[in-house]
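Chains X and B are the protein sequences, given in the same order. According to this note's numbering, the first sequence is numbered sequentially starting from 193. According to this note's numbering, the second sequence is numbered sequentially starting from -11.
Treat the hints as calculated values from the structure; they're not laboratory data. Hints are not guaranteed to be accurate.
What the hints assert, rightly or not - Keeping only pairs whose Cα atoms sit at most 20 Å apart, straight-line, the calculated EDC-like set for lysine to aspartate or glutamate is:
id : chain 1 : residue 1 : chain 2 : residue 2
1  : X       : K546      : X       : D409
2  : X       : K465      : X       : E416
3  : X       : K266      : B       : E184
4  : X       : K325      : B       : E184
5  : X       : K294      : B       : E188
6  : X       : K546      : X       : E502
7  : X       : K323      : X       : D269
8  : X       : K266      : X       : E246
9  : X       : K325      : B       : E38
10 : X       : K266      : B       : D230
11 : B       : K200      : X       : D269
12 : B       : K200      : X       : D493
Said to hold, decoys possible - Some chain B residues judged to face chain X by a derived CB distance under 8 Å, without partners named:
id : residue
13 : L48
14 : G50
15 : E143
16 : P145
17 : S183
18 : E185
19 : A189
20 : E191
21 : D193
22 : M208
All C-beta atoms in this analysis are idealised placements derived from N, C-alpha and C, irrespective of residue type, glycine included.
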Amino acid sequence: MSEVILNDVSKIYAGGVTAVDKINLQIKDKEFMVLVGPSGCGKSTTLRMIAGLEDISAGIAKIADRVINDVPPKNRDIAMVFQNYALYPHMSVYENMAFGLKLHKISKNDIDRRVREAAEILSMQNYLDRKPKALSGGQRQRVALGRAIVRKPSVFLFDEPLSNLDAKMRVQMRTEISKLHHRLETTMIYVTHDQTEAMTLGDRICVMKDGLIQQVDSPLNIYERPANVFVAGFIGTPPMNFIRGRLCGHKESFHFISDNGIDIPLPESWNVKLSSHAEKAAVFGIRPEDIGSEHAESVPDAPSLNCQIEVIEPMGSETYIYFNLGGSACIAKVDAHRRIKVGDSLKLPLLMSKAHLFDAETEKIIL
Amino acid sequence: MIRKKTIYENLTAWLYLLPNLSGFLLFSMIPVIFAVILSFFKWDVFNSPEFVGLQNFRNLLGWTYSDGQIIFNDPDFWKYLYNTLFLMMGIPLNMLAALCIAMLLNRKMKGISFFRTVFYLPSICAGVAVYMLWACLYNPEYGIINTVLGFVGIEGPGWLTEYEWSKPSLMLIELWAAMGGTNMLLYLAGLQGISEELYEAAEIDGASGFQKFWHITVPMLAPTNFFIFVMSVIGGFQGGFDAAFILTQGGPAGSTTTLSYYIYNHAFEWFNMGYAATISLVLFAIVMLVTIINWCFGGKNECV
Ligand SMILES: Nc1ncnc2c1ncn2[C@@H]1O[C@H](COP(=O)(O)OP(=O)(O)OP(=O)(O)O)[C@@H](O)[C@H]1O
Ligand SMILES: [Mg+2]
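Input sequences plus hints: build the corresponding full structure.
Okay, structure coming up:
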């Protein structure tokens, strides 16, 4: 059992910066939890408090039912992988992995067995005698992973471990980390600012902003039911389209009228939830793949947007088209083989079952 | 056309180099060549030089063998070489002290720049002033050191005037000067070049404070250590002149005369210019040799 629990945990740096503000988070045993958010949102700080590299200013942190606020890092039964690898430059790959075990006074035979085992998992057997400077970025990160694995900790901590790698390597290492998690079945906490990494790796994702947790849920739930405008815009590429306006109508039929006059009739099934928001300012949100897609075309009487194409980006599997809706830039993902060119006027249907509506004031989701 | 331009460019380059080059030629290269030539002559400045071949070298380095005993032609030279080496035994301690101070000054705390300045201050003071200060401290009758020793009932020695104490006393001055000087700055720069992440990684790996120092700081400072060691050894062979000249005049009984002071004596006290040039050539050869050995053994294990 190695559950990690944060109870009202805060971090206030000397100088008065509140980097993390009373967060509550429960990471289950064997879970892969991803902390994601924009730069400066306090992800690293949270992770470092769990690691013991930063003091916890307020609140309680527990690992496996033990309060760890005053436990030094080496007694927390954790291992950490750093963004810049933090390999010991003067030690060989083997020594790098063995260092922590030596300090824990594990027998030579045991160390050797564990290091070779880890090297095999990471296919680094042929590099054990090399110094870190003679390795590529991906190989270095593997050594850093190996150093964490050999310790057999109950919690793994990762702080943006892939952000120094090129795009291809990043994808490869991502799948390896995922495999590793299935193989080791250990609690992992992973910090990243890359939402794709968050979506692909996490059992659950914790989205943070300005030291506060915005939403904690499984990747699909976060994608389909974002708690607020920030989460909706942060998760997903290209990001969700937002149109500002207000909610008009009454009990029977509601319309969303944008600030520049676009009228979108809303489905009847929304009526109950909308009734308390009538005549209030609202934000309409819809993902690019729900505009003009085949699925949207197939729905009868779907409301649609009239647009003029400004930019076309063929991605191969699909094509992104950029257009302007009275001041706000919008993106739609359409079929790659659709015959279109810049300047064309299109009528793009909206898949209303996937659309969202947010309260403009609180930015919280209504539907 | 092209040729003309190259000549012109070359000329510009040489003109830029001229100020530095002329200084180097005038004050370094020419004197060196002059010294090499001079070492084959006997010259007392007042009369014209007299060519003596290798006589100077024989007088300096040669020996005779009689009754199963080696008799050096110039026993003083060997004694002063020994003095020079003896004083150099302080180098490891000097380096350790500089490292300790650097580590203290590498802490994150309020007013650290004040302490950094204070510790570097002695290096800014003129050498002569510092030696005069130490002369006062070491004074057997009214110097602070012996006064304090007197309080606890110990009669302090004549630090600079007794044969057994003169060398350790000079080494103490060296230690004091080296502790907060340029070496300390080099160590400080070296320490600041070590990534904080390494210490954090080691901490999570389970390293204690001392283990972090031993397994991270020490190996990461190896290049700095090596550089400081090589420079200290070179400086050590050439050193000892100031202290001897200002404090002890090489005494008592030649116990603080180093090679550089010996060269000075031959050249400017006794006007044996040729012989002085010979000693400096030999000194040059020793320094060269030791530095090459250093590089062969230590130069390869640089990391990062
Ligand atoms: N040592 C420190 N002293 C003072 N403020 C700090 C310190 N470290 C971080 N901060 C501040 O705390 C906030 C959160 O920092 P943190 O490093 O946790 O961000 P992050 O989410 O990891 O961002 P990034 O994606 O850029 O790494 C930032 O506003 C940062 O400026
Ligand atoms: Mg960070």
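So, going through the hints one by one against the coordinates:
1. Distance check on the hinted pair: K546(X) and D409(X) sit about 18 Å apart at the alpha-carbon level, within 20 Å; holds.
2. Of the supplied pair hints, the one linking K465(X) and E416(X) holds, its CA atoms being roughly 18 Å apart against a limit of 20 Å.
3. As the CA atoms of K266(X) and E184(B) are separated by approximately 17 Å, the hinted pair is consistent with the 20 Å bound.
4. Pair hint K325(X) plus E184(B) holds up; C-alpha atoms about 18 Å apart against a cutoff of 20 Å.
5. The hinted pair formed by K294(X) and E188(B) meets the criterion: a straight-line CA distance of about 17 Å does not exceed 20 Å.
6. For the proposed pair K546(X) and E502(X), the alpha carbon gap of about 25 Å is over 20 Å, so the pair is violated.
7. Distance restraint check for K323(X) and D269(X): the Cα-Cα separation of roughly 27 Å exceeds the 20 Å cut-off, and the hinted pair is therefore not satisfied.
8. For the given pair, K266(X) sits about 13 Å from E246(X) by alpha-carbon distance, which is consistent with the 20 Å threshold.
9. Restraint check for K325(X) and E38(B): not satisfied, since their Cα atoms lie roughly 60 Å apart, outside the 20 Å limit.
10. Proximity of K266(X) to D230(B) is assessed by CA-CA distance (about 52 Å); at most 20 Å being required, the pair is judged violated.
11. For the hint linking K200(B) to D269(X), the alpha-carbon distance of about 19 Å falls within 20 Å, and the restraint holds.
12. Distance hint between K200(B) and D493(X) is unfulfilled; the C-alpha atoms sit about 70 Å from each other, more than 20 Å.
13. Evaluation of the L48(B) hint against chain X yields a violated restraint, the C-beta minimum of about 44 Å exceeding 8 Å.
14. A hinted interface residue such as G50(B) counts as satisfied when its beta carbon comes closer than 8 Å to some beta carbon of chain X; here the least separation is about 47 Å, so the hint is violated.
15. Because the closest C-beta pair between E143(B) and chain X is about 51 Å apart, greater than 8 Å, the hint is violated.
16. A distance limit of 8 Å between C-beta atoms decides the matter here; for P145(B) the minimum to chain X is near 45 Å, and the interface restraint is violated.
17. The interface hint given for S183(B) is met, as the beta carbon of that residue sits about 7 Å from the closest beta carbon of chain X, less than 8 Å.
18. Given the 8 Å rule on beta carbons, the hint for E185(B) holds: about 4 Å separates it from the nearest Cβ of chain X.
19. Proximity of A189(B) to chain X holds as hinted, the smallest CB-CB distance being about 4 Å (cut-off 8 Å).
20. Because the smallest distance between the Cβ of E191(B) and any Cβ of chain X comes to about 5 Å, under 8 Å, the interface hint for this residue holds.
21. The interface hint given for D193(B) holds, since its Cβ lies 3 Å from the closest Cβ of chain X, which is under the 8 Å cut-off.
22. Hint on M208(B) holds. Least Cβ distance to chain X is approximately 7 Å, under the 8 Å limit.
In this structure, the hints that do not hold are numbers 6, 7, 9, 10, 12, 13, 14, 15 and 16, in rising order.
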